[in-house]
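Since the structure of chain A is provided, determine the placement of chain B on it from the hints.
So the chains spell out like this:
There are 2 protein chains.
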Amino acid sequence: MRVLVSKKSLADALARVERIVPSRSSNPGLSLLRIDVQDDALVLSGSNMDVDIRARLTADARGSGSFAVTAHVFGQIVRALPGEDVTMELTESEMQISSGNYTTKLQLVAASSAPVLVFPESHAGSIDARLLSRALSAVKYAAAVADFQAVFRGVKLELGETRTRAVATDGFRLAYYHLEAGTGLEADVIVPARSVDELLRVLDDGEVALHLDAGQLSVEHGGYSLNLKLMDGTFPDYERVIPANYPVSITLPALSLAEAVSRVALMADKSANNRVDLFVKDGQLQITAEGSFGRSQEAIDVTQEGTDSEIQLAYNSKYLIDALTPAAGDIRVRFSGINASPSVVNDLGDPAYLAMVVPLRTS
Amino acid sequence: MRVLVSKKSLADALARVERIVPSRSSNPGLSLLRIDVQDDALVLSGSNMDVDIRARLTADARGSGSFAVTAHVFGQIVRALPGEDVTMELTESEMQISSGNYTTKLQLVAASSAPVLVFPESHAGSIDARLLSRALSAVKYAAAVADFQAVFRGVKLELGETRTRAVATDGFRLAYYHLEAGTGLEADVIVPARSVDELLRVLDDGEVALHLDAGQLSVEHGGYSLNLKLMDGTFPDYERVIPANYPVSITLPALSLAEAVSRVALMADKSANNRVDLFVKDGQLQITAEGSFGRSQEAIDVTQEGTDSEIQLAYNSKYLIDALTPAAGDIRVRFSGINASPSVVNDLGDPAYLAMVVPLRTS
Numbered sequence: 003m004r005v006l007v008s009k010k011s012l013a014d015a016l017a018r019v020e021r022i023v024p025s026r027s028s029n030p031g032l033s034l035l036r037i038d039v040q041d042d043a044l045v046l047s048g049s050n051m052d053v054d055i056r057a058r059l060t061a062d063a064r065g066s067g068s069f070a071v072t073a074h075v076f077g078q079i080v081r082a083l084p085g086e087d088v089t090m091e092l093t094e095s096e097m098q099i100s101s102g103n104y105t106t107k108l109q110l111v112a113a114s115s116a117p118v119l120v121f122p123e124s125h126a127g128s129i130d131a132r133l134l135s136r137a138l139s140a141v142k143y144a145a146a147v148a149d150f151q152a153v154f155r156g157v158k159l160e161l162g163e164t165r166t167r168a169v170a171t172d173g174f175r176l177a178y179y180h181l182e183a184g185t186g187l188e189a190d191v192i193v194p195a196r197s198v199d200e201l202l203r204v205l206d207d208g209e210v211a212l213h214l215d216a217g218q219l220s221v222e223h224g225g226y227s228l229n230l231k232l233m234d235g236t237f238p239d240y241e242r243v244i245p246a247n248y249p250v251s252i253t254l255p256a257l258s259l260a261e262a263v264s265r266v267a268l269m270a271d272k273s274a275n276n277r278v279d280l281f282v283k284d285g286q287l288q289i290t291a292e293g294s295f296g297r298s299q300e301a302i303d304v305t306q307e308g309t310d311s312e313i314q315l316a317y318n319s320k321y322l323i324d325a326l327t328p329a330a331g332d333i334r335v336r337f338s339g340i341n342a343s344p345s346v347v348n349d350l351g352d353p354a355y356l357a358m359v360v361p362l363r364t365s
Numbered sequence: 003m004r005v006l007v008s009k010k011s012l013a014d015a016l017a018r019v020e021r022i023v024p025s026r027s028s029n030p031g032l033s034l035l036r037i038d039v040q041d042d043a044l045v046l047s048g049s050n051m052d053v054d055i056r057a058r059l060t061a062d063a064r065g066s067g068s069f070a071v072t073a074h075v076f077g078q079i080v081r082a083l084p085g086e087d088v089t090m091e092l093t094e095s096e097m098q099i100s101s102g103n104y105t106t107k108l109q110l111v112a113a114s115s116a117p118v119l120v121f122p123e124s125h126a127g128s129i130d131a132r133l134l135s136r137a138l139s140a141v142k143y144a145a146a147v148a149d150f151q152a153v154f155r156g157v158k159l160e161l162g163e164t165r166t167r168a169v170a171t172d173g174f175r176l177a178y179y180h181l182e183a184g185t186g187l188e189a190d191v192i193v194p195a196r197s198v199d200e201l202l203r204v205l206d207d208g209e210v211a212l213h214l215d216a217g218q219l220s221v222e223h224g225g226y227s228l229n230l231k232l233m234d235g236t237f238p239d240y241e242r243v244i245p246a247n248y249p250v251s252i253t254l255p256a257l258s259l260a261e262a263v264s265r266v267a268l269m270a271d272k273s274a275n276n277r278v279d280l281f282v283k284d285g286q287l288q289i290t291a292e293g294s295f296g297r298s299q300e301a302i303d304v305t306q307e308g309t310d311s312e313i314q315l316a317y318n319s320k321y322l323i324d325a326l327t328p329a330a331g332d333i334r335v336r337f338s339g340i341n342a343s344p345s346v347v348n349d350l351g352d353p354a355y356l357a358m359v360v361p362l363r364t365s
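Chains A and B, in that order, are what the protein sequence lines are.
Under the working numbering, the letters of the first sequence match residues 3 to 365, in that order.
Under the working numbering, the letters of the second sequence match residues 3 to 365, in that order.
Next up, chain A with everything else stripped away, as it sits in the complex (with noise of 0.2 Å):
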């Protein structure tokens, strides 16, 4: 059997699929690349039990036909071919693979090694493709990575007729972004954030099929389909801890702020919360940071809403950070009070994004 393909197009399918597929595990067959010869058509899949993806290559096919590969090797060689066109000439056992004067060889297995992977046949939801991805990258950063309880280590997905949030917290940040769009679907999931982190990659433009079933959500897009297994729980009632009342708050550019506190967090001692403090007062905005090495200040001009009152708060300087990364243009910080009451980011440039982080106690 006989596939004739671009190089270029089969190297980015592979890149996105051999992410996912583990280069080694304790389930030899996860390790495997599936490969299904079609009419027209290169099919490729794998999954590392979080994740299944399909890549769907169109390709100058002659016969049918289902194989296996250990997917790292293939990758390797795949980048590192010559010329612009491959030619895979395939058997039970070899697959050939030639590219301007480079002809290799590679062992196949068969194709009952690799997982069984279903995808659905049909979507009953749908979504613009840069919406879902600006949504979700928004907001992943304020997932946890580890030691935290499994809920925290995901992003909740609210899939309504009218509107879709994302969602993400680690009980000390949130980060929200609401979409005024709807899925077709009615359902609230929650994704973990690494598998999140594969959808973007294969996100582009265009819209993204949607399917819920079975304990996972499916994604079809631009020749990729993706199977995300879902995590049980309860997402926490964020909501209620956002506060309603804000005596003060200031407008400045984001990333004047983001580099101010990053600079002045130099001095902060790591081992407690990177603390910086934050001083609100008479439209100036005084951050200092004080550690083992020596002590350092910066202050900023900001437009301040409440002038009758000064605002005095610390926060771990890298959840500050975070917070503001999303946002490209002047935000507005709202302070809700003294101490380890929430303080709350919006963009400006963009209202669907909110942040919110908590200060440290600091008595």
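Source of the hints: derived by calculation from the structure; they are not laboratory data.
Same chains, same label: a pair holds when it works inside one copy or across any pair of copies.
Pairs of lysine-lysine residues, derived as BS3-like cross-links and limited to a Cα-Cα distance of at most 25 Å, are as follows: (1) K9 with K107; (2) K107 with K272; (3) K107 with K320; (4) K283 with K320; (5) K283 with K107; (6) K320 with K272; (7) K10 with K107.
For chain B alone, coordinates are given in the frame of chain A:
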């Protein structure tokens, strides 16, 4: 005491000094950077015991004095400074650094806590910095990284009246770079390969002043002074092992050979020296490799001398690729015979460079 200096020149100098000063050390004095304020100059110095470094910067300085500070903390702060200029106000115990709206106060330590470094006042020799840089860069890959006799982890510098040569070998491959230019010195010295890396970072245009004394090579160039501790031991008599006769040689672009070997070697067994086989016959070079995942091959047309013979040899592909990397254009590869007799690579565009690779024993 007050010093005004440009942020860029301070950050550039610190980047080079900070690389050498260890951020942690069982000897706490070693992680200090010494700061000397002199008339119109700021002098930074530090050491890792193998390399002493001193950087002299033009600065607007009032007063004079010596201080010490934890190098990596000072480095982090300077890199983050927002302005184009830096003002440093120094007292016995504190340095206040200001730039733009940002101010920080850093604890100082007595200068006597930092290592005492002595750099020569005058230098007996010199050489063009670009030539020395090219010579050291071209050969240092051939030095051993670990688990070898000490001298194999060094680069030998043969300093003569009318010639200068840099040589490195790990016993399996060798590289030298031969300059028909003297230094005014007359000695053979061995510099640790890691110290060579630090020297390469300060070499730029112009002359390098050189001085040999008390087991160290001192270098002065473009505001930087370095003392490089020399290695004891006898460097192998490498010229003896370079073969005199080569029945077959081939000429081809270095990049074509390196790329083809890289591609074919993807199938080579990492546990069997990344073996690739080269077969030269009738103006064609065939490269093959075989491993547990399969077999690959590539053929390249070459200009062959000694066409009545054919050559079949095996190499560690990594050593072959390393030997080709310093060469830009065409290279000649000369084969001295069969099995483990060395092959030699000459860069036709730069005859100063020679590399030797010992083939793998295959019987």
